[in-house]
Structure formats: C-alpha cells, structure tokens
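Turn these sequences into a full structure, and let the hints steer you where they fit.
Residue-level listing of the chains:
4 protein chains.
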Amino acid sequence: MEKGFASDNNAGIHPDILKAIEKANKGHVIGYGDDSYTQKAIQLFKNEFGKSTEVFFVFNGTGANVVGLSSATQSYNSVICAGTAHIQEDECGAPEKFTGCKLIPLPTENGKITPDEISKHLAGFDFEHHSQPKIISISQATELGTVYQPDEIKAIARLAHEHEMYLHLDGARLANAAVSLHLPFKSFTKDCGVDILSFGGTKNGMMMGEAVLFFHPELAKNTKYIRKQSMQLYSKMRFAGAQFLAYFENSLWKELATHANKMAKLLEREIRKIPEIRITQQVDANGVFAIVPKRLIAPLQEKYFFYVWDEKQMEVRWMTSFDTTEEEVYDFADTIKQILR
Amino acid sequence: MEKGFASDNNAGIHPDILKAIEKANKGHVIGYGDDSYTQKAIQLFKNEFGKSTEVFFVFNGTGANVVGLSSATQSYNSVICAGTAHIQEDECGAPEKFTGCKLIPLPTENGKITPDEISKHLAGFDFEHHSQPKIISISQATELGTVYQPDEIKAIARLAHEHEMYLHLDGARLANAAVSLHLPFKSFTKDCGVDILSFGGTKNGMMMGEAVLFFHPELAKNTKYIRKQSMQLYSKMRFAGAQFLAYFENSLWKELATHANKMAKLLEREIRKIPEIRITQQVDANGVFAIVPKRLIAPLQEKYFFYVWDEKQMEVRWMTSFDTTEEEVYDFADTIKQILR
Amino acid sequence: MEKGFASDNNAGIHPDILKAIEKANKGHVIGYGDDSYTQKAIQLFKNEFGKSTEVFFVFNGTGANVVGLSSATQSYNSVICAGTAHIQEDECGAPEKFTGCKLIPLPTENGKITPDEISKHLAGFDFEHHSQPKIISISQATELGTVYQPDEIKAIARLAHEHEMYLHLDGARLANAAVSLHLPFKSFTKDCGVDILSFGGTKNGMMMGEAVLFFHPELAKNTKYIRKQSMQLYSKMRFAGAQFLAYFENSLWKELATHANKMAKLLEREIRKIPEIRITQQVDANGVFAIVPKRLIAPLQEKYFFYVWDEKQMEVRWMTSFDTTEEEVYDFADTIKQILR
Amino acid sequence: MEKGFASDNNAGIHPDILKAIEKANKGHVIGYGDDSYTQKAIQLFKNEFGKSTEVFFVFNGTGANVVGLSSATQSYNSVICAGTAHIQEDECGAPEKFTGCKLIPLPTENGKITPDEISKHLAGFDFEHHSQPKIISISQATELGTVYQPDEIKAIARLAHEHEMYLHLDGARLANAAVSLHLPFKSFTKDCGVDILSFGGTKNGMMMGEAVLFFHPELAKNTKYIRKQSMQLYSKMRFAGAQFLAYFENSLWKELATHANKMAKLLEREIRKIPEIRITQQVDANGVFAIVPKRLIAPLQEKYFFYVWDEKQMEVRWMTSFDTTEEEVYDFADTIKQILR
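Residue numbers (the numbering used here), protein chains in the order written: chain A, 1 to 341; chain B, 1 to 341; chain C, 1 to 341; chain D, 1 to 341.
Hints in this document: simulated from the structure, not taken from any laboratory.
Among these hints, one or two may not hold up.
Stated by the list, open to error - Listed below are the simulated BS3-like cross-link pairs for lysine-lysine, each with C-alpha atoms no more than 30 Å apart in a straight line:
{"hint": "1", "chain 1": "C", "residue 1": "LYS221", "chain 2": "B", "residue 2": "LYS23"}
{"hint": "2", "chain 1": "B", "residue 1": "LYS254", "chain 2": "C", "residue 2": "LYS19"}
{"hint": "3", "chain 1": "C", "residue 1": "LYS294", "chain 2": "B", "residue 2": "LYS23"}
{"hint": "4", "chain 1": "A", "residue 1": "LYS221", "chain 2": "C", "residue 2": "LYS221"}
{"hint": "5", "chain 1": "B", "residue 1": "LYS19", "chain 2": "C", "residue 2": "LYS154"}
{"hint": "6", "chain 1": "B", "residue 1": "LYS26", "chain 2": "C", "residue 2": "LYS3"}
{"hint": "7", "chain 1": "C", "residue 1": "LYS221", "chain 2": "B", "residue 2": "LYS19"}
{"hint": "8", "chain 1": "C", "residue 1": "LYS40", "chain 2": "B", "residue 2": "LYS23"}
{"hint": "9", "chain 1": "C", "residue 1": "LYS120", "chain 2": "D", "residue 2": "LYS120"}
{"hint": "10", "chain 1": "B", "residue 1": "LYS265", "chain 2": "B", "residue 2": "LYS3"}
{"hint": "11", "chain 1": "D", "residue 1": "LYS40", "chain 2": "A", "residue 2": "LYS19"}
{"hint": "12", "chain 1": "D", "residue 1": "LYS26", "chain 2": "A", "residue 2": "LYS3"}
{"hint": "13", "chain 1": "D", "residue 1": "LYS19", "chain 2": "C", "residue 2": "LYS294"}
{"hint": "14", "chain 1": "A", "residue 1": "LYS221", "chain 2": "D", "residue 2": "LYS312"}
{"hint": "15", "chain 1": "A", "residue 1": "LYS23", "chain 2": "D", "residue 2": "LYS40"}
{"hint": "16", "chain 1": "C", "residue 1": "LYS303", "chain 2": "B", "residue 2": "LYS303"}
{"hint": "17", "chain 1": "C", "residue 1": "LYS26", "chain 2": "B", "residue 2": "LYS3"}
{"hint": "18", "chain 1": "C", "residue 1": "LYS3", "chain 2": "B", "residue 2": "LYS3"}
{"hint": "19", "chain 1": "C", "residue 1": "LYS294", "chain 2": "B", "residue 2": "LYS303"}
{"hint": "20", "chain 1": "D", "residue 1": "LYS265", "chain 2": "A", "residue 2": "LYS26"}
{"hint": "21", "chain 1": "D", "residue 1": "LYS312", "chain 2": "C", "residue 2": "LYS154"}
{"hint": "22", "chain 1": "A", "residue 1": "LYS40", "chain 2": "D", "residue 2": "LYS19"}
{"hint": "23", "chain 1": "A", "residue 1": "LYS262", "chain 2": "D", "residue 2": "LYS26"}
{"hint": "24", "chain 1": "A", "residue 1": "LYS294", "chain 2": "B", "residue 2": "LYS19"}
As the list claims (entries may be wrong) - Far from chain D, by Cβ distances over 12 Å, these chain C residues were calculated:
{"hint": "25", "residue": "PRO15"}
{"hint": "26", "residue": "ILE30"}
{"hint": "27", "residue": "THR53"}
{"hint": "28", "residue": "ASP310"}
Just so you know, even glycine gets a beta-carbon here, dropped at the ideal spot from N, CA and C.
See the structure below:
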C-alpha cells in the first residue's frame, strides 16, 4: 500500500526515533521506568513544562486520557467534553469503564467547546443525586483539525477552577497545535490553566510515545498505581523514554509537525480549487474535513484509503503526516479532479 | 411538616400496603424470595404482563434501572436516553459505575425522545473504537410529567429492534402513565415492544416497591447474580412481595394513581388562573411544571416545600400524590395568589 | 411453614419495630433522609458511639459493607479478611465489583483472623505492582458464631493503624456480639480502634435496618455520593430512621439479642446430649455449628429447614433468632433424637 | 549498568526483532491491525496452534491476562489461581478492577496448583450469594520457575470443563516452558485443554510482544471491543505484528529460551557448590530461587541488582535471559563466594 491521507497513525516511525531505540538497546537496565533513558526523558518534559510537572509514560492515547482522568476523579464525578471528543466517540467507553464517571458531551460545530455551553452543566454541586462535575476536557488540536486560541483555553480553565474542577487537555496532536499557534507547549497548556495533559507523539512520528502530565504534584500522588492497574505500565520502559529523547532533541517534534501542517495547508489550497468540494472546518493543524460528492469516495479510496467522517452528509477526513510529500498532495488532488471530471 | 407538592416520594405508605406488611409478619419464611408472598406477587406480575415475564424485586428505582440495564449489556455498550432521564441526571452515575456503559443523552423539550434524534447516534456498529449502542431507554411517565402515546413507544421499539438493540422503560411512575392513557400496563409496554421494564410503586403509595421485569427470559438468565452483586437482594423479601399483593389487589395502584393525576389536573386548572405563572409542560400525569416569578419561591416554600427544577429560568416542579387533597390544592393556589398580589 | 433454625433472616419483624413504622406514616416529610425520624435516629447513634460519628442508613448488609469499604479505598487497594467473611463468600463479588479492590482471604478455623496471619500480607507497600493493603475487615459476631474479645480487636486495629490502614467491622450480628461480651457497642468497636462499622439490625428483628458508621468524619466526606451511586439511598428514608428509633428505645436490641443468644445456648446444651453430633464452634452468639450424621439431614429438613454449611464434612448451621421459643428448641432436639434412633 | 540477574524484563531487544521493526517501517499501512504484518503474524499463530485460534495482540502481560479473563467472564464470576500468580500478586488489582470478578488465591509451595486444592473452591454453583467460579488460571512457567507437566495441565483442564469453567494459562514465559518440556507450544496448551492463553514474548527478547489466544472462536466474539476498552489496542499495530514474524522465523523464540534456560541450569550448578545457599525451587525454566545469608544481599546487589522475593526468609530470585553469558554466570557465582568468604 502506498501512503495516503487516512490517518497520521498510518505513518511509520521517523528514522531518528528508531535510531534512538536502537541506541538504547544495550545491556540490561531496570524495568518499569527506573532507567536513565526514562529519567532523562522525564527531565526533558520538566524542562519544557516546569520542574513540578509529574510525568508518566503510557502505551497509547486512550491510556493517557484514562490515567489522567482517573487520577483526578472519583467514580461519582462527571467529565464535560465535546460531543466529538476522542474520549466520547473513539475509546469504546474506556473512560466510563475505568473511572466509573459520567461523560457529558456538549454540542459543537468545530470540535471546540465554549464556556457558555459548559456552564449549562455546572449544576447540582453538593447534590448527592447528581454526578459531581470535576473535569472539563478539551482536545488540542481538536478531532476536527481546529485549534483553540490561548485565550479560549484560559476562559475554560477559569470556569473550571471557579468550580473547583480541573482542566484536562487531550493533546494527541499537541505538536500540530503548537506549530499552528507558533507557541511553545507550556504557553498554551500549563500557562493557560491546564491541569492534566495527555501528551501524544505517536501521531507525529513516534513508534509509541504517549505521556500523561500533571501540573500539580498532588494530582499525581496515586498515579503510579493507577497506571499499573490500568495496564499501562511498560516493562521495557527505556524504549519509551529513548523515543522521547529523540523527539525533543533538536526539536524534532517541531520539524515533523511543521511539515504535516504545511502539507495540510497545501492540500487545502489544492482542494479549494475544486468547486464540487466544500471544506467544512478551518484547517488549523494537519487535518482537512470536506463534504464531497458521493461518487468520489469509492474510486478515490481505491488509490488512497481514507475515512468517511460523517456518512449522512458525505463528509470526509483527510490527514497529513510527517512523511506526506508535496507530490502526494498534488497527485491526490489530481486524482480527485480526474474522478470528478 | 404538612403535606405539600415537593415529591410523590415525600408521601407515606398507603394504609392497605402497611396492612399487607403486617399480615405477612407471621412466623419464619425462607429469605431472599423463596417465600409464598414473593412467589404470589410474581404470579400477579405474570398475570398482568404474560407468563414468560421474569420478575425481580429490588430496593429502589435506581436499583431497578441498573439491574435492568446490566442484564442486557456488556461494558462496551452504550445506552441512549433523554438528557432529562433519571438514569442520566439523578442517579449519581450509578449506571456508568455498575454497567461500565456509556450513556448518550439526547436533547429534549418535553422529556420524550424521538426516532429522529435517536437515529443520529445509531452509528459505529461493529467498529471497535466506538461504544456499541445496545439500549434505548425511555421514561414513562417522563421526568417532566408527560406521557408517551403507544405509537410513539412502538416507533422507538421498532428502531431499537432493527438495530438489535433493546428498549428499556423506566416506569418509576408507570401507574400514573397507565391511568393517563386509560390502558392496562401491558398494552403500552410489552405490547409496544418494551423489552425491559423498571416497574415502580414507591412513588404511588408503596413503602418500597420496585421491580425489574424482562419480557424475554434469556435476558434474565444472569439477573439473579447481577441483583445480588448490585446489592439489591432483600433478605426479608416477603415484605416486598406482600406490598405488591396489596398494590394489585382491587387495582389499588389504579385508584391511587387516578387520584394523583386528578389532583394534578385540578392544580393545573387553578394555576392557569394565575397570569404571572406559565405552565411549561403538558400535564399528562401527576406533575405540574411552571415558570414562576422569582419573588414567589421563597415565601411559598415556607408553607409548601417544593423543588426549583431549573434555576436559570425559575421553573418549578409541583408533584401531586395519592394522598393530596382538593383542599390542599385550593389552599396552595390561594397561597400563591396572596403572595403574588 | 413453621419457624426454624435456618437463619435469623427468616424471622419477621418485631412488633415494636412495625409499630414505629406505622407511627412514622403520617403526612409528608422530605425524602432521602432530611426528615426528623432519620435525624433523631442518627442522634441516637451519636449518643451510642460518640458525637463525631458519621451515620448512613442503607438497604442491606452487603450495601453497608460496600459503602463502608468504598469510602476508605481506591481501586488499587486491597482488603484483608477471613476466608469465611461475608464479603468474601456471600456477596457475589459486590465488593470487588464496586470498589475495584482485591480481597485477600485468610485461612481461619473459627471465623476469626489473627495478627500473625494478617501480617503475612502486609507487604508490597509503595510497590506499584502490588495492590496496596488498606483495610482489614473482621466480622463480629463472626459467620461461624464466634465472638472476638476486645483485646483481639485492639491487636488487629493496632496492626492496621501501624500500616496506615483502617479496620472495618462487619456487624451484621453486632447486637449478638454485644450481648455475648456484656459490653456496650462502643466499647468493643470504636474504643478498640474500629474505624468503619457496618451496623446490622435486620437479623435482630428489624424489617430493614442497616447503617454504616464512620468514626473519623474525613472518612465519610464523600459517602453521600457513594451511597447514592451504589443504589443504597432510600427515598422514604423516614421508615429506616423510625425503625432504629424503636430498636434503641428501651434497648430493644439488647432484649432481642439476649433472647436469641440464650436460645442458642439452650440449643447447644440439648445438642451436646446427642452423642452422634459434634459441635464444631464455640457458641458465643446465636449460631450453632455441628457435624451431623448424613442420614439426619433430609428428614430433619422436612420439619425444620436449615442450611448445610459444609457438604464435604456434613457440617450444618443452626441459627436462633429473637422469636425462637424454648419449645421449638426442645422439639428440634427431640426430632433429631427420634430420627437418629 | 551491567547486565545482571534481576529480571528477564531488564534485557533489551534481540537484534533480529529490532531489524524486523525497521523492515516494517516503510510507507503507510492501515492502523489497528488491518495491515499485512499483523495479518501474517496472526497466520503464524494459527499455524502453531490451529486454524480456529483467535489471536489478539496487546501491549503487556497484564493486558493479555485481563483481556483474556474479561472475554470469558461476567463480573459475578470468580477466577481461581495460585497465591503466587501474577494476576494475584503483581498486577495491582487490574483483573478485579477490569473484570469485576473475585480472585481466589490457592496456597502453593512451588507455584503450581492442584486439582485437590482447586476442588475446595468449586462450590456454590447456581447460588446467587456466591461468586460463580468460571476460570482456573495457571502460569506456565510459574512465577517460581517451575513447569507443569502436560498431565498436570490436563487434569486441571478436565476439572475446569467438568464444571463448565475455562482454563486460562498465563504464558509470560511460555517459551521457557516449551523448551523445558521439549514440546511444541500447542501440545501442552491447547492439546491439554487450555482455553485461553496469554502468550508472552517480551521476557524472551521482544520489545513488546504479547498476545491473547482463544481456542474457541465464540470466546473471542467480543474481544475486539474488550481490547479497545481496556486500552490495549495499538494504533501502529504493524510493529507488534512484525516482531512476532521475527520471533517465529527460524524458531528464534526457541533459540533464545533454550539459551536462557541453559544459563539458569549453569547458574544452579554453580550455586549448588556454595554450601551457605539453599536452592528452594526446582529449576525448570529460567529462574533460580534461593535462600541466602542476609549479609550476602547488599554487597551482591551493588554489582548485580536482583530482587529479594521473600524478605521474611531471605529468599531471592535470580533470572537468566536470552543474553546472559556464561562469563556472567561464573562471575556472579565467584562474586558470591568472595562475599561469603
């Protein structure tokens, strides 16, 4: 199979990441995180986000979200999120199963949620019949390829903290958001009031690079047990740590995400030339969402596999990744034109 | 405290129910349901709903809902319900905690959900990333005092069954609905395609009378373990059974619900005479919902306690019960008029 | 069916308890515990156990145990108990399901556990691979009819507290233990270091009387949500409260438990006269355990139903209750003699 | 840090496994398992275990065990295992948390359980108060380095199946057992009646190689949802599949496990020459357990880190791995002798 626009998960491993794994493959080290690779990688996170940050590596994004949410909730709490959130739509109920919490999905047009919509559900505090709201969870970049501005995040954080709640950020595509905003990670997460962060690298060239970050140490005081009990503790942890070393070295993450975002912009430009297709979301990161003629889908998927996002209105999702080439983008657009001709 | 319009739960026990408890209080009987009172009560349910009905008594409405939902789901399933549903708003997350399932709340103006809204969430079948829809849950009467017509229920059941899902009905106020529809229980539940029924009696004069009914025996094949594990198995079960014997005898349930509904209608009539108050929901059962002037609430609550349903728009809920008297309704309306004067 | 020796759960309701329910059945009161009966009953518990005691009424003993354990644990904790404990053997896994914790059953000959056996499992603290021990749970009276001496409880409490663990006591038959020890409740529970107490009344003449007590307020700070989420919150709570008012009035509990224990002693005396039967446990409370000839069981059960406790060695359990009469005991012993003749 | 005898998890990745990852790192492939590497790897498992085997790759051994147990249980079931089992001692309660089941640990001297001990807990079937036994779980090789003979497994499987239960085998060190028994995998698992198998490769030279196998397709019919909900679904699954391709190619697994076992035998031989040390378990696989003088531990750990298995009796665990060298073994034994001199 050729490359395509199905998912940034369909890309492989960036060569520097793989080299880092090889380099770490020497001799014996203690398992489960007590090795120098993991410890150095944690230090890099602390450099990036501040000394008091607590860092836990996990296997995948769902694991990161669940370990993060579990650490800050009891089962009688609720978690407010977008109706399009990964935790709501794409984790097969892992958050409910593991935390016991209720998820409250909010309507959204662009993947973002607003203080107004959130406020409607900030009720029933202290009332034992009602799941107690404890977390607001947002995704950055969102599942629809849009990016919150720092002020938008601050407003949500303020609302959360006024109600003694926490703000969780699902950063499966955090690098793409950082590049989109031209900002360092910390300035639009911790500095905006985010309390818990799922930091994802897998969609940006890592083999398996996911971490949960807590910006208040007390939130993380039981996380080591929660990570183990949620089956997210990796025995040969050094190979997770080593990947992050390479990811941060020379800002590899930025180079990769910059490229992916640039390819999405190029794709957007080329697609906008095609009158039969309507782009439905702002292209802030590495995804392009568009409503297309139904007759396009099957023939296009033969050459380039991708997902139909919403069957009812024939909306498709096209993702770019660190290894997407300009040639592919042009060929993809040409192929579409040929089919539609 | 006097009587009032706060909740049908605030009423006591109908004297006939209490007498039945006394009558059953003779000698020893085997615990946990293997006694003649319980067995006779189960028989009465079978008379009402059909021989193949499986019947389990539980402690409360939340227990009935959770045992019912658990019996028909695995943790990777989802349950679609109204945003106003008791399972969504008033059970502190017991359904998520115990079943592990995701609840999907739908927007509703009147407490009912429609095939159109439901259909939007009948997606992602067979897709492992997505909680698999398995149950549609409706309340009858709804939490907003409205009642589904049989055809409305049939349409939802058809939709459920087309997708190999089940229809659960939360009947905490089933008697009020039956009286409102002038129909026997079976004709608007089982006969309309309901698969699992929470049958409530506590809000209609019982001390503690809740049952879960399954209309397909295979749905109930593990329910005895689920009931025990969910802490809903009563050791001195005969006193649950005995209450239901009295509840069905001479159709006591109908007499009580008829009275409660009649009092709600009377209350509606009297309230409609007060121009400052706007009744917001159709009065189908034993609840009146109304938007009132803010200045009314505190002084009225001094004499008659009740709940503010929606603080944002000053919507209140007034419930009648089997022991509400005409005098109370008139006095309540008069009190309102005096305060508003 | 006649009375028998199957279970103290098979007895009915003491008339004074039933009268208290009737007396409380007047007018409307606020539901879910905010009524004067419940509040007075809570006050009686505080009189008995000390002002700082937090009290929650629940539906049954399993509910009491689970709500108590949940309030003091996280899912990565473990609970150490006897292999014969109700939470281990007779709750269909409700504790594991609801708390997520691991239960660690200890071998026991007489239903009691000892600091020596417990200590073997006080390991792995701070080690993320290992469920963290958090609770030691004992039953008083035990499921085998034996009773811990205060010093035995103190020693276990000391061990628990040395390891920052809590001591939970399942007091489904607490009244029988109190009478056996000739001590007030507090002196062999709170005063011995018990932190969480399941206080049972159902097996001693109540219709449905179970409470969870916490002797440190901070342990109970989330219990109201836990009780609701575990489906243990009773809407018409006044009828739980009213029962406890009668239970404590004139020390009704003591009168009833004294009688039940006395009947067990009488039964023991009579059974010891029968050489074919060997009593296996010390008769401290209201249960007699005995190994009997196999041929005795079926014919005896025809007249008096009871449970075979251990099929492998033909050990049976005979329970007395508040309404057991001397005549029944003598007739029971005579029946046995006749069958064995 | 040098190599040592702490854990087979402390070893790195065998070069052939790493090469396979590199080789698979080409272009885009569909995520989550629908790629040719994963599909080929599944085919290799089917070649090994039979066509009807269902295979699911997961992240770690705890994940494998939990996904396997969940697929065959409901929360009211129980799982019988050795008190030393990984699921009992080393998974921080993940099985209870995720399955809701009760684990019943059996006493064991050598890590194995016997039909006699198991039978004591095959009781309470159909009794709703009792967790229903559904799975017997054994480890092969055991956590104490011993190996079940095929006949021992058959006897346990027979017992399980007679009670409509399943036999689960935790094969975190299955390769070491296969080599020890001189048997192909299938002959001492599926052919002996094992129903569910956790197949581990991580401890035998893989980077991250764990699979759950089901030998009856109906057991696996919901496993894809269970795997996702338990956070065990890897997005870039091809890198799991590719590792197994290398693991099976030229029987790499056998070469590696043969070496590790041989090193354990060599270590045993050398240690037996030291009179102050008593080897406590039969050395069947790649672990040596021994009681040592207390004064040995600290100085030895300075050079070679390892775990004290049982602090109370100064029992230590020494594990060999695929990359242990003869020189290390000799040096380790020499170091011990020098310290003890």
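Here's how the hints hold up against the structure:
Proposed proximity of C:LYS221 and B:LYS23 is contradicted: the alpha carbons are some 41 Å apart, above 30 Å. Note on B:LYS254 and C:LYS19: the hinted pairing holds, with a Cα-Cα distance of about 27 Å set against a maximum of 30 Å. Restraint check: the Cα-Cα separation between C:LYS294 and B:LYS23 comes to about 37 Å, which exceeds 30 Å; the hinted pair is violated. Proximity of A:LYS221 to C:LYS221 is assessed by CA-CA distance (about 20 Å); at most 30 Å being required, the pair is judged to hold.
Restraint check: the Cα-Cα separation between B:LYS19 and C:LYS154 comes to about 46 Å, which exceeds 30 Å; the hinted pair is violated. Between B:LYS26 and C:LYS3 the CA atoms are separated by roughly 9 Å; this keeps the pair inside 30 Å, and the hint holds. Taken as a hint, the C:LYS221 and B:LYS19 pair is broken in the structure, with Cα atoms around 39 Å apart against an allowance of 30 Å. Among the hinted pairs, C:LYS40 with B:LYS23 is consistent with the structure: their alpha-carbon atoms are about 28 Å apart, no more than 30 Å.
Taking the CA atoms of C:LYS120 and D:LYS120, the gap is near 22 Å; set against the 30 Å cutoff, the hint holds. Of the supplied pair hints, the one linking B:LYS265 and B:LYS3 holds, its CA atoms being roughly 18 Å apart against a limit of 30 Å. With a C-alpha separation of about 26 Å, the suggested pairing of D:LYS40 with A:LYS19 holds against the 30 Å cut-off. Taken as a hint, the D:LYS26 and A:LYS3 pair is honoured in the structure, with Cα atoms around 9 Å apart against an allowance of 30 Å.
For a cut-off of 30 Å, the pair hint linking D:LYS19 to C:LYS294 is broken: about 69 Å separates their Cα positions. Using a Cα cut-off of 30 Å, the hinted pair A:LYS221 and D:LYS312 holds, with the two alpha carbons roughly 29 Å apart. In summary, the hint linking A:LYS23 to D:LYS40 is supported, as the alpha carbons are separated by about 28 Å, within the 30 Å threshold. Of the supplied pair hints, the one linking C:LYS303 and B:LYS303 is violated, its CA atoms being roughly 58 Å apart against a limit of 30 Å.
Only pairs whose Cα atoms come within 30 Å are accepted, and C:LYS26 paired with B:LYS3 is accepted, the gap being roughly 9 Å. About 41 Å separates the Cα atoms of C:LYS3 and B:LYS3, which puts this hinted pair outside 30 Å; it is violated. Proposed proximity of C:LYS294 and B:LYS303 is contradicted: the alpha carbons are some 68 Å apart, above 30 Å. Restraint check for D:LYS265 and A:LYS26: the C-alpha separation of about 25 Å stays at or below 30 Å, so the hint holds.
The straight-line distance between the Cα atoms of D:LYS312 and C:LYS154 is roughly 25 Å, inside the 30 Å bound, and the hint therefore holds. A threshold of 30 Å between alpha carbons decides the hint, and for A:LYS40 with D:LYS19 the separation of about 26 Å falls inside it, so the pair holds. Between A:LYS262 and D:LYS26 the CA atoms are separated by roughly 22 Å; this keeps the pair inside 30 Å, and the hint holds. Between the alpha carbons of A:LYS294 and B:LYS19 the distance comes to roughly 69 Å, so the proposed pair goes past 30 Å and is violated.
At roughly 29 Å from the closest C-beta of chain D, the C-beta of C:PRO15 stays outside 12 Å, upholding its exclusion from the interface. At the 12 Å boundary, the C-beta of C:ILE30 stays outside the reach of chain D, the nearest C-beta of that chain being 35 Å off. Every beta carbon of chain D lies more than 12 Å from that of C:THR53, the smallest distance being close to 30 Å; the non-interface claim holds. Against the 12 Å criterion, C:ASP310 falls within the reach of chain D, whose nearest CB is about 9 Å from its own CB.
Going down the numbered hints, you'll see the structure goes against 1, 3, 5, 7, 13, 16, 18, 19, 24, 28, while the others check out.
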